[in-house]
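Protein chains in written order, with full-length UniProt numbering: chain U, 1 to 446; chain F, 1 to 446; chain B, 1 to 446; chain L, 1 to 446.
Do not take every clue at face value.
It does not matter which identical chain is used: a pair holds within one copy or between any two.
[Stated by the list, open to error] Simulated pairs of lysine-lysine, BS3-like, Cα-Cα distance not exceeding 30 Å:
#, residue 1, residue 2
1, K183, K384
2, K442, K318
3, K183, K346
4, K318, K183
5, K183, K284
6, K284, K33
7, K318, K91
8, K183, K341
9, K18, K433
Hints in this document: simulated from the structure, not taken from any laboratory.
Quick caveat: nothing in here was measured; it's all calculated off a predicted structure.
There are 4 protein chains.
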Amino acid sequence: MQHRGQEGAGIVSNDHGKLNGTRGLGLLSEVFKDERQLSHLTGNAAIGHVRYATAGSGSVDNIQPFLFNFYDGDFALAHNGNLTNAKSLRKELEQSGAIFHSNSDTEILMHLIRRSTKATLCERMKEALNTVKGGFAYLMLTEKSMVAALDPNGFRPLSIGQMVNGAYVVASETCALEVVGAKFIQDVQPGEMITIADGGLTIESFTSKTQPAICSMEYIYFARPDSNIAGINVHSARKKMGKILAQEAPVEADMVVGVPNSSLSAASGYAEQSNIPYEMGLVKNQYIARTFIQPTQELREQGVRMKLSAVRGVVEGKRVIMVDDSIVRGTTSRRIVSLLKDAGAKEVHVRIASPPLKYPCFYGIDIQTRRELIAANHSIDEIKSLIGADSLSFLSEDGLIDAIGLNFDAPYSGLCMAYFNGDYPTPLYDYEKQYQATLEEKVSFV
Amino acid sequence: MQHRGQEGAGIVSNDHGKLNGTRGLGLLSEVFKDERQLSHLTGNAAIGHVRYATAGSGSVDNIQPFLFNFYDGDFALAHNGNLTNAKSLRKELEQSGAIFHSNSDTEILMHLIRRSTKATLCERMKEALNTVKGGFAYLMLTEKSMVAALDPNGFRPLSIGQMVNGAYVVASETCALEVVGAKFIQDVQPGEMITIADGGLTIESFTSKTQPAICSMEYIYFARPDSNIAGINVHSARKKMGKILAQEAPVEADMVVGVPNSSLSAASGYAEQSNIPYEMGLVKNQYIARTFIQPTQELREQGVRMKLSAVRGVVEGKRVIMVDDSIVRGTTSRRIVSLLKDAGAKEVHVRIASPPLKYPCFYGIDIQTRRELIAANHSIDEIKSLIGADSLSFLSEDGLIDAIGLNFDAPYSGLCMAYFNGDYPTPLYDYEKQYQATLEEKVSFV
Amino acid sequence: MQHRGQEGAGIVSNDHGKLNGTRGLGLLSEVFKDERQLSHLTGNAAIGHVRYATAGSGSVDNIQPFLFNFYDGDFALAHNGNLTNAKSLRKELEQSGAIFHSNSDTEILMHLIRRSTKATLCERMKEALNTVKGGFAYLMLTEKSMVAALDPNGFRPLSIGQMVNGAYVVASETCALEVVGAKFIQDVQPGEMITIADGGLTIESFTSKTQPAICSMEYIYFARPDSNIAGINVHSARKKMGKILAQEAPVEADMVVGVPNSSLSAASGYAEQSNIPYEMGLVKNQYIARTFIQPTQELREQGVRMKLSAVRGVVEGKRVIMVDDSIVRGTTSRRIVSLLKDAGAKEVHVRIASPPLKYPCFYGIDIQTRRELIAANHSIDEIKSLIGADSLSFLSEDGLIDAIGLNFDAPYSGLCMAYFNGDYPTPLYDYEKQYQATLEEKVSFV
Amino acid sequence: MQHRGQEGAGIVSNDHGKLNGTRGLGLLSEVFKDERQLSHLTGNAAIGHVRYATAGSGSVDNIQPFLFNFYDGDFALAHNGNLTNAKSLRKELEQSGAIFHSNSDTEILMHLIRRSTKATLCERMKEALNTVKGGFAYLMLTEKSMVAALDPNGFRPLSIGQMVNGAYVVASETCALEVVGAKFIQDVQPGEMITIADGGLTIESFTSKTQPAICSMEYIYFARPDSNIAGINVHSARKKMGKILAQEAPVEADMVVGVPNSSLSAASGYAEQSNIPYEMGLVKNQYIARTFIQPTQELREQGVRMKLSAVRGVVEGKRVIMVDDSIVRGTTSRRIVSLLKDAGAKEVHVRIASPPLKYPCFYGIDIQTRRELIAANHSIDEIKSLIGADSLSFLSEDGLIDAIGLNFDAPYSGLCMAYFNGDYPTPLYDYEKQYQATLEEKVSFV
């Protein structure tokens with residue numbers, strides 16, 4: 001699932017109790033470009049990871065899974081998410097003698113487990129899982145078992161599947177189950193720890209204080225359209241976002257154009273609902289990887305230039321509705337509007353299939369300050385002018401919740417809507433101060 | 001234009017009469033991954049090339065542009081296409097003392113130019129261009145000029161644009177002009193040689209015996225949808241292929257699904273014409289490059305497995321019309337049909353937006369024998385069974401010609417239709433024997 | 001000082017309290033082949049290390065210096081030597097929650113320092129240095145100081161120099177001081193910890209229980225001839241070994257030939273004492289690195305074949321005294337004798353400028369079992385036959401002690417002679433069992 | 001024989017008439033670092049080459065052997081030496097249509113062979129060998145034979161050996177025969193072309209106008225001491241140079257120190273003759289490759305700093321005779337004198353075991369202008385001051401000729417002495433003008 005992280009990748013396998021690993025910086029195709037990088041990863045169990053940096057530097061030391069060799073056995077650990085009390089836990093641990101070898105959050109859990117005085121490994125894990133806070137989906141590999149655990153809010157998706165031969169597969173997204181031919185069994189629930197050992201699956205809760213708050217960005221942008229999260233197909237949810245958006249913000253035009261690839265579902269929904277033809281007015285250069293998860297602003301900006309082309313033969317002289325999934329800094333939108341106009345579009349009406357992003361995320365999406373969010377600093381009308389659109393509308397918060405259609409007995413039907421309204425489902429711990437500071441600053445994107 | 005070749009790439013620049021070059025195997029991002037590979041390519045003129053192997057081995061010696069240092073000046077040369085009399089020309093040249101350093105066709109032109117006894121470089125080039133036969137679009141860079149030339153049938157597209165500052169740009173496809181911000185000026189016509197020197201553009205014909213026969217595969221598969229070829233937008237042509245296909249081969253179904261990415265235009269045309277909803281039933285893994293131009297059958301087969309996923313949430317229990325642009329060996333189609341059925345599709349009706357491929361190409365598309373063409377060896381009904389489809393139809397030859405809509409006073413309105421009907425617009429020279437042999441063999445794909 | 005280790009190398013620099021490091025597998029020329037690997041190592045203090053594996057695997061995780069980032073400051077650590085209680089210390093530490101990231105001994109000291117409850121960093125270091133046992137020379141870099149420490153026996157050399165500008169330099173061998181233009185100040189004494197901070201040098205003892213036992217292999221083989229250890233020049237000591245050997249084991253011959261490069265000093269001493277001409281009968285291929293420190297037996301054997309050539313024009317028809325520094329497995333000697341005989345030498349008399357190696361080293365030389373020592377398993381006469389020599393003699397233990405000429409009030413004048421007589425100057429701790437086992441096994445090298 | 005060239009290397013093998021090759025920039029260990037680079041070089045005949053640049057740039061296109069694929073068979077070619085009429089031949093060839101792909105001299109022979117109108121390949125080769133002028137030793141590999149040819153003066157060494165199984169081996173130096181276990185058969189004589197085919201060896205002369213003029217630099221510096229050239233052992237010749245030098249230029253001193261490694265033979269000769277002890281006062285860092293054959297002056301200067309160390313313990317307070325093989329620019333000598341004095345040497349008397357280098361070489365040693373030769377621009381007394389020596393003497397020309405002891409009926413007994421006296425054994429052709437110009441310029445090295 002390369003789309004979930006491009007900075008680095010690794011695999012650790014368990015060959016009769018001996019764990020072997022490979023990891024490296026870059027894409028999977030780079031890390032595993034050589035037979036030799038894969039050929040020693042033998043055995044009957046393995047965990048893998050792709051790194052999408054939220055915290056920690058770009059060193060190979062931060063690439064997961066982390067592999068530990070203890071006198072009493074090997075242990076490997078991978079983590080998707082972001083802890084909110086990592087900094088203070090790390091300081092406490094170091095003060096009592098712990099030594100960290102990465103600056104990733106992930107290592108903390110290992111120290112907590114090793115320092116726990118509980119009697120069994122299982123109890124030590126549970127104690128550790130109750131100590132870390134924030135968004136996390138962990139995968140652990142021991143000599144005898146594989147363990148997966150999800151935070152009490154279930155911010156990140158985590159699903160279990162099963163192969164025809166009975167083997168279990170755990171993955172962040174169900175699309176991975178399809179690719180390897182595994183049948184979907186069930187999602188890991190918030191606060192659950194599942195253990196696969198001796199060919200069987202055990203499900204336990206490490207806490208009873210749970211409340212679903214699934215990351216809405218997974219539906220909007222992050223996950224693959226062929227995945228289901230909490231039983232909802234991502235493509236269908238996006239198409240529905242487009243449909244509701246068409247109802248909420250109609251406009252007269254000659255065609256609907258989606259920004260490839262993540263907005264194509266929403267755009268086709270908008271077209272279907274509005275009865276305006278869907279056209280391929282933007283073409284993506286398939287040889288350049290996607291914008292959002294590249295590390296620096298400069299790289300991101302360079303990326304867009306080559307990545308998309310407007311199709312003059314399609315848009316010239318036409319009124320275009322351009323549908324995109326979200327606006328972060330606004331730079332990409334400005335460029336695409338300008339591409340379309342340069343190619344002769346008469347009008348460009350921008351429709352965003354999600355509400356305005358105004359607040360940082362502390363649970364695993366890399367938006368950690370309001371400074372980089374145009375909607376946190378400008379009104380919709382100002383944004384319209386900044387990106388050069390003829391009109392601009394966003395999906396409403398209620399529209400988003402309806403489109404996804406979760407049904408949990410929890411705020412926002414079980415979605416995390418903090419990016420849009422600042423209503424964080426947990427205390428922010430170490431980030432509280434940083435968050436308060438960010439609320440007060442205002443940046444002009446002009 | 002990485003999509004036109006992935007085997008290797010190079011650039012030669014002209015810095016005040018001194019030509020400097022870089023070339024290497026692999027993608028552009030690999031060849032030019034380092035600042036240093038680009039930083040010495042200074043100057044005010046340059047030619048570049050991506051290699052798509054039709055003839056010649058995978059050695060770096062075959063990567064173009066070729067750069068020659070003569071006592072009387074530097075010269076660089078790049079070639080898109082395939083010569084039909086390369087083998088005999090090479091033998092003749094070697095017999096009179098010529099030494100070749102690659103096994104690419106391209107070098108031949110250089111020998112012909114250097115051995116010509118004509119008075120001027122321009123005349124020597126014309127003589128050489130009249131000696132080579134087949135499909136060719138050449139780019140040449142000398143100390144004082146850039147020269148582009150197109151074969152008498154104009155098999156390959158070649159367009160001229162101009163930057164705001166007056167600089168000329170020549171490219172195989174117009175999409176490249178858009179990306180660099182150049183305005184389209186005109187296409188190079190069959191048999192033309194254009195020279196850019198001293199800031200001006202000169203157009204000459206090196207032969208008067210011309211007859212347009214534009215490669216129909218460029219419209220069907222090869223070119224980018226945002227390019228125009230002979231004034232026809234490729235996306236629009238493909239959409240029209242889909243529409244005519246829907247008229248020629250309708251079927252009752254719940255949704256139209258295109259095989260991403262090259263068939264999306266045709267699929268949306270089919271959907272629009274048939275009034276059956278267009279859905280995203282197949283998702284492409286954007287991190288894996290496209291099938292057709294990978295070198296070996298084995299690599300191609302491995303590639304497909306990871307590259308596409310059927311979206312269970314969309315196709316489960318549904319009757320699906322799967323639209324693809326073409327069928328070569330049939331293996332890809334069989335896999336996709338099977339993906340869709342595994343994901344729960346009730347019926348899969350395959351509609352191909354081009355006629356059956358039955359004959360090899362000798363002008364630059366890498367299909368050199370009928371052995372690898374399922375439609376050269378099996379009836380449509382047999383193919384339907386082999387790929388596991390519930391029904392199968394191809395676009396008719398007339399449908400294809402209508403969809404593209406060229407208007408030349410030439411056979412097939414100026415298209416090369418040889419892949420479908422064996423009607424080659426030129427003698428086959430060195431390939432004649434091989435072609436006759438391939439007509440007689442029959443291979444079973446069962 | 002690449003000759004002290006070829007497996008890997010690293011440097012950590014201190015730039016105003018921020019430590020930056022680079023490390024990698026391979027030779028220095030490989031690890032630092034690129035400007036970029038060096039350019040970020042700015043600052044006014046730095047420590048470096050080359051890895052010669054005695055314990056720990058060939059992973060980059062074991063390459064030093066180790067760099068640690070703590071909430072209260074960065075810390076870097078490099079280690080030359082081998083601990084005898086590493087295994088039990090590590091187990092104890094892990095049992096109380098410590099996590100190790102390498103399987104090198106070196107990390108242990110860091111854990112001990114961080115877990116010490118002493119008040120100051122200096123006291124914590126001393127406590128840690130008193131806990132580890134065996135042979136060690138440590139270099140530590142903190143935000144404000146550089147610290148060097150030597151084990152209570154001073155097995156490994158460690159010297160302090162000073163640049164013209166007052167800067168201090170600490171190095172395993174004095175040859176490094178010469179290369180950078182530093183003046184030799186003094187050797188670090190057994191049990192000393194020296195601290196360089198605020199431009200000044202402080203010397204303390206962390207223990208009073210010291211007894212010099214300098215590794216005799218440093219004089220015989222390991223150190224560079226231009227270094228002085230404990231005030232004794234290595235080349236001069238080797239020349240003296242050759243002279244005493246000539247007295248102890250004379251033989252009639254036409255020439256003395258040294259095995260290049262480490263035996264040239266001893267050979268010239270033998271020649272000078274015996275008045276037999278010194279000739280270049282063996283030539284070393286300078287493009288192949290030296291045998292002893294390559295990792296596997298197989299690589300070692302392949303290495304010898306290409307590495308040395310006998311000079312037919314010199315040795316043909318002659319009686320040759322071949323002087324070598326030591327015999328480990330005997331394979332090298334057998335090959336060289338055979339090279340000389342193949343090149344026409346009439347007789348080959350082997351003279352070894354050190355006593356027979358019979359016991360493993362646990363303090364930092366990679367001979368950890370008697371199985372690999374021919375002299376632990378065969379008599380001198382048997383060895384003579386095995387290597388095909390016409391006669392064979394070793395230097396006596398007393399001869400070695402005399403040749404080096406140390407003057408400490410300690411057994412063997414302050415040398416460690418354990419390789420020859422099994423008289424280890426310290427308890428063997430974790431190695432005791434392994435050592436007892438090795439005493440009982442006997443292997444035939446026939 | 002890596003010592004003969006470090007810029008690049010290659011091998012071409014003949015597998016049943018199909019030639020396969022690998023070549024690359026850098027040391028042999030870099031070019032062939034991977035099993036894969038060697039594993040396809042199968043077959044029963046092969047030629048290899050290491051590049052030492054005299055003419056042509058540092059591009060991989062210039063790395064040999066060159067491999068050509070002709071319609072009538074493959075051909076590979078490697079060249080040691082330098083042609084004096086390369087430039088004019090190349091121009092002539094290009095004017096008649098030839099295309100060159102490297103800027104190395106070597107390719108010229110191939111064009112001449114291919115363009116020859118003689119009836120047989122053998123005759124065509126002979127014609128070509130009579131057309132090129134200067135210094136050359138060629139190795140050619142065809143589908144059915146291996147051919148070696150030596151210029152009419154025999155500037156470069158070239159020897160034939162035979163394996164136990166009857167296979168023939170041709171190599172520039174006899175040391176290579178020893179390493180592979182081949183028995184020396186005979187040297188290739190000036191003007192000879194030898195052909196190995198069908199398991200047999202044929203010797204022919206391509207010209208009768210021959211006159212031996214063996215490069216004296218081969219004896220002085222270039223060749224390995226364990227090689228024999230024209231029956232003379234190189235080490236023995238060097239030792240003799242040292243002995244004669246001691247007779248010609250005695251001086252009172254405490255020790256003789258050779259500059260490692262190429263001057264050790266001469267130094268030991270000087271010591272033996274003068275009865276002054278030979279000591280190891282300079283130590284070479286074996287991990288840094290030798291000076292002379294690195295490409296740029298800057299690299300050469302950097303190299304020396306780390307490469308040699310003076311041994312303070314040996315030279316301190318002593319009068320030292322420093323023996324070196326030659327002085328080119330004087331920078332190395334100045335550094336070594338300064339190293340010795342910094343290490344405490346009281347006096348440093350420099351003795352050079354060859355006459356002063358005053359004239360460029362056009363036959364294959366990379367000294368192409370007098371600007372870089374200190375002895376072409378300064379008197380011996382000036383050089384003494386420039387390098388900081390207490391005294392300086394060179395071997396006389398007669399002394400050199402005597403030391404080597406050739407016995408040919410030719411000027412200087414068959415040696416080329418042009419570097420010392422400008423007496424070139426052939427016309428200089430294309431270099432004549434450049435040579436005349438260099439005679440007139442005078443550069444100060446102060």
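Outcome of the hint check:
1. K183 to K384: Answer is between: at 28 Å across copies they meet the 30 Å cutoff, but 45 Å inside does not.
2. K442 to K318: neither (37 Å within a copy, 51 Å between copies)
3. K183 to K346: between (49 Å within a copy, 18 Å between copies)
4. K318 to K183: So K318 and K183 pass the 30 Å test across copies only (19 Å; inside, 46 Å).
5. K183 to K284: between (33 Å within a copy, 20 Å between copies)
6. K284 to K33: Classified as both; 25 Å inside a copy, 21 Å across copies.
7. K318 to K91: Classified as neither: same-chain Cα gap 59 Å, cross-chain 56 Å, threshold 30 Å.
8. K183 to K341: For K183 and K341, only the inter-copy Cα distance (14 Å) is at most 30 Å; the intra-copy one is 47 Å.
9. K18 to K433: between (44 Å within a copy, 25 Å between copies)
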